[in-house]
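S.K.: Those protein sequences? They're chains R and P, same order as listed. Mapping to the numbering used here: the first sequence position 231 is 231, numbers consecutive. Heads up, the numbering used here is the position in the second sequence plus 278, with the first residue counted as 1.
Treat the hints with caution; some may be incorrect.
Below, a sample of chain R positions facing chain P; criterion: calculated Cβ distance under 8 Å [unchecked claim]:
| id | residue |
| --- | --- |
| 1 | Q73 |
| 2 | N76 |
| 3 | D77 |
| 4 | I82 |
| 5 | I83 |
| 6 | V118 |
| 7 | I201 |
| 8 | Q202 |
| 9 | S205 |
| 10 | V206 |
Listed below are several chain R residues computed to face chain P (Cβ distance under 7 Å; list not exhaustive) [stated by the list, open to error]:
| id | residue |
| --- | --- |
| 11 | S67 |
| 12 | S80 |
| 13 | H93 |
| 14 | M123 |
Here are the computed lysine to aspartate or glutamate pairs in the EDC-like style, where the Cα-Cα straight-line distance is at most 20 Å [said to hold, decoys possible]:
| id | chain 1 | residue 1 | chain 2 | residue 2 |
| --- | --- | --- | --- | --- |
| 15 | P | K509 | P | E458 |
| 16 | P | K749 | R | D23 |
| 17 | P | K746 | R | D113 |
| 18 | P | K700 | R | E264 |
| 19 | P | K706 | R | D113 |
| 20 | P | K741 | R | D186 |
| 21 | P | K741 | R | E115 |
| 22 | P | K594 | R | E264 |
| 23 | P | K304 | P | D330 |
| 24 | P | K705 | R | E264 |
| 25 | P | K747 | R | E115 |
| 26 | P | K708 | R | E115 |
| 27 | P | K705 | R | D113 |
FYI, nobody ran anything at the bench for these hints, they're computed from the structure. Since the model is a prediction, treat every value here as computed from it, not as a measurement. Ideal placement from N, C-alpha and C gives every residue a C-beta, glycine not left out.
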Amino acid sequence: LPEIFAGVDVGAGTSKAVIVSDDKVLAQHVRPTGNDVTRSAVEAMEGALGIAKLELQDISYVVSTGSGRRKVQFANDSMSEIICCAIGVKYTHPPTHTIMDIGCQDSKVIGLDDEGSVKQFTMNDRCAAGTGRFLEVLSHALEVELNEIGNLSLLGKDPCVISSTCTVFAESEVVSYRAQGRKIEDILAGLHQAIAKRVVIQGSSVGYRPDVVFTGGVARNIGVRKVFDEMLGLHIILPEEPQTITALGAAILAKQYYAKREREVSQGRDRAPTVLVP
Amino acid sequence: LDQYDQLLEFCGFTKEEARDYMPTLKEGLKKWMIGPDKVKESVEVYLPTYFDLSLPPMRKMLGVWLEEFIKIPLLPKDRIMIDTILPQTDCSMLYSFKAAAPDKVWVGFLDWIAVLVNGGFFHNANALVDVAEKYGMDVNGALCPLNKTRYAMYIKGIVPNKTHTLMMNIICDDSPLTEEMIHQMYPDRTYLRHIMRVKDAPKGVWEDEDDLLVEHLGNEIRSAVYDIAEKAGIDYKPQHMMAAIENYRMYAEKVMALAMLMRNDPVPLRGIDFYYSIVPMAMGMDIDYPKTRGILEELHKCVKERVDKGVGVLPKGAPRVIWQTTAPHGENNWEIKMFEDYGVAAYWFDFGIPLPKYFMPPRKSDPFDIVAEMFLKYSLNVEPWARAELINQCVEQEGLSGVLWHQFWYCRHWGTEGQMVKQELEKKSKVPFVVFDGCWWHARDYGPEKLRTIFETASVMVKDYANKKTKAA
């Protein structure tokens, strides 16, 4: 039987699990993370296992990733989501040199070399501006469903100018524009420009060498994608499954780790201790 | 043993010394607003987790820091306090006052000592920042937490006497502004003296090699030092500066000897232990330097034994990196440890360790010009292009596999310099250069998990680069 591997990406908004075998995705599952990070990882994994009709003991090796990666008790190993995202993207689209990844609370721009190794990266810190949370808060303020705002924004003919630096300030501006009677699609178009501007500037030190791939939950928003295309003057590539690609990378890494461990065991040595002197 | 006994034991005190020192310790900690719970946390978590207490001289080095910290609020009323804003890097200026009037003068860098012990030992740096914000300094952005710490020390009476402050207007404009504010609020408790030097040398001009620039800074130092001495009532002579230069040189040599041992593979000492041992060279402290040099010698001997036995704190072949700035947060020594846990030796500080250029004999003979020349040789003090050059030399000579640049998001100077140095260095080298965002002094304003992600990713990049280097070789 072929070996089976899994990656679990526990993000701030959603937890994702991907199961692979023979370099093919057998199953994937996404669920909200909620308050209990450990539980959400289990449930994401159970969801994927159910789809694949497998049990946890059928999985040879699991790598966890995402901000909650250290709380995944059934994982054999963990790795940062930046590395896992790079592995997942390189696997699905080898010519990639730049990744823009926007999740619920994080935005990252990752530069890859020709071999797919991470060469540079930037990551937001502290502030939710430029993340999915920004869109979530503001769609709530506008009373529009999150999954509708991308398409609606495309109808905007006269985008409002909205602060890209602060979610709270932006919310005040949105309320103000609404009071002025501005069209909702123009406000949404402005919001999409704001988030895109924030991330484009954030990644300017990394650069945008083609091919540029857009990942994370926000990549499913066609409005943000379109603004990125315009701002960068590039065709931004969207993977088939942008939200689970980091979990996919973790699953691919699980395969590599498993092979390394098997090699070490066959050579009669365990993994080297990280600290020799207490 | 209660937590106070344990603290002194961890800091290398004998039982007799601890018995004698205990009342002073408790009185000093009370002034610093550090209660029994914080001391308990320190001895149960902080000190054993982050410092190598298996090394007796390392314990003694921690004792040097603790005594320095406790001493400040308990200084006698007649003790003249001379302090500095920003690291001296070459601490001869401060120490020369000590040479002139050893029994009358206290010298140091108040806020840094506060942060490195209050935060580094007791996880309590936030307390002073909170005080400063309660009393009017802006919350979060725009103001350096280091200066908030200084402000809070005045408010809480932790600084007991009038201070004579040498303001190093070298790279920062926030510190002088803060000090001006303190001066306005407490006009009788501070005297300020600026040392001016503008970083405006054209690209390609090494400032330490330019007589005009060296002598200008030398004159500034001379003028400031004599002014402070006069105001403080100290009989100051040029030979005091010469004595301070010699004192500094002797400490620097011990540091370099230890640094040479750190070149061994496996790396024999944790970065955090190394850091707390070398910083007295760069910040100017009131410590007994000959005694501390002796501790460094003892530490050198212990580390040499590890080298001879072939043991280290990381597996053989672990890649090494250079840090910009004083890598350990006062509040978060775990940053260096985290890199080590990921298998990367993060110990070579371009701020703390003089690069080879520093050890070339000075061209100047006047003591104030010598200090100026030395100052301008330090990586921390030079223009971004020159800093990139010095870092590149270090990367090549030491075979390093990464440059980690801790960018202070609130800092007008360091917030931009990182990117400039990065751009310059990338013209010369393919070595990974990771700029990460954070706050130097306290842990409120960033997510530890995000920093963990950044560090873990940087570790992978560094290891990847090291592997490629090895394969290519």
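S.K.: Would you check whether I83 of chain R satisfies its interface hint, that is, whether its CB is within less than 8 Å of any CB in chain P?
M.R.: holds, 5 Å
S.K.: Could you grab the alpha-carbon distance between K705 of chain P and D113 of chain R and see if it respects the 20 Å cut-off?
M.R.: holds, 16 Å
S.K.: With a cut-off of 8 Å on the beta carbons, see whether D77 of chain R makes it to chain P.
M.R.: D77 of chain R check fails; min Cβ-Cβ to chain P is 12 Å, beyond 8 Å.
S.K.: Within 20 Å, alpha carbon to alpha carbon, are K747 of chain P and E115 of chain R?
M.R.: holds, 15 Å
S.K.: Let me know if the C-beta of Q73 of chain R comes in closer than 8 Å to any C-beta of chain P, holds or violated.
M.R.: Because about 17 Å separates Q73 of chain R from the closest Cβ in chain P, which is outside the 8 Å limit, the hint is violated.
S.K.: Are K304 of chain P and D330 of chain P close enough, with their CA atoms no more than 20 Å apart?
M.R.: violated, 24 Å
S.K.: Does E264 of chain R lie within 20 Å of K700 of chain P when you go C-alpha to C-alpha?
M.R.: With a Cα-Cα distance of about 38 Å, the restraint between K700 of chain P and E264 of chain R is violated, given a limit of 20 Å.
S.K.: Go through the hint on V118 of chain R and say holds or violated, using the shortest Cβ distance to chain P against 8 Å.
M.R.: holds, 5 Å
S.K.: Tell me if the interface restraint on S67 of chain R is satisfied: Cβ within less than 7 Å of some Cβ in chain P.
M.R.: holds, 5 Å
S.K.: Hinted pair, alpha-carbon criterion (20 Å max): K746 of chain P, D113 of chain R. Please report holds or violated.
M.R.: It holds: about 13 Å lies between the C-alpha atoms, which stays within 20 Å.
S.K.: So, S205 of chain R near chain P? Judge it on the closest CB pair being under 8 Å.
M.R.: S205 of chain R check passes; min Cβ-Cβ to chain P is 6 Å, inside 8 Å.
S.K.: Would you mind confirming whether the straight-line C-alpha gap from K706 of chain P to D113 of chain R stays at or under 20 Å?
M.R.: Holds: K706 of chain P and D113 of chain R sit about 17 Å apart, inside 20 Å.
The structure fails to meet hints 1, 2, 3, 7, 8, 10, 13, 16, 18, 20, 23, 24 from the earlier list, while all remaining hints are met.
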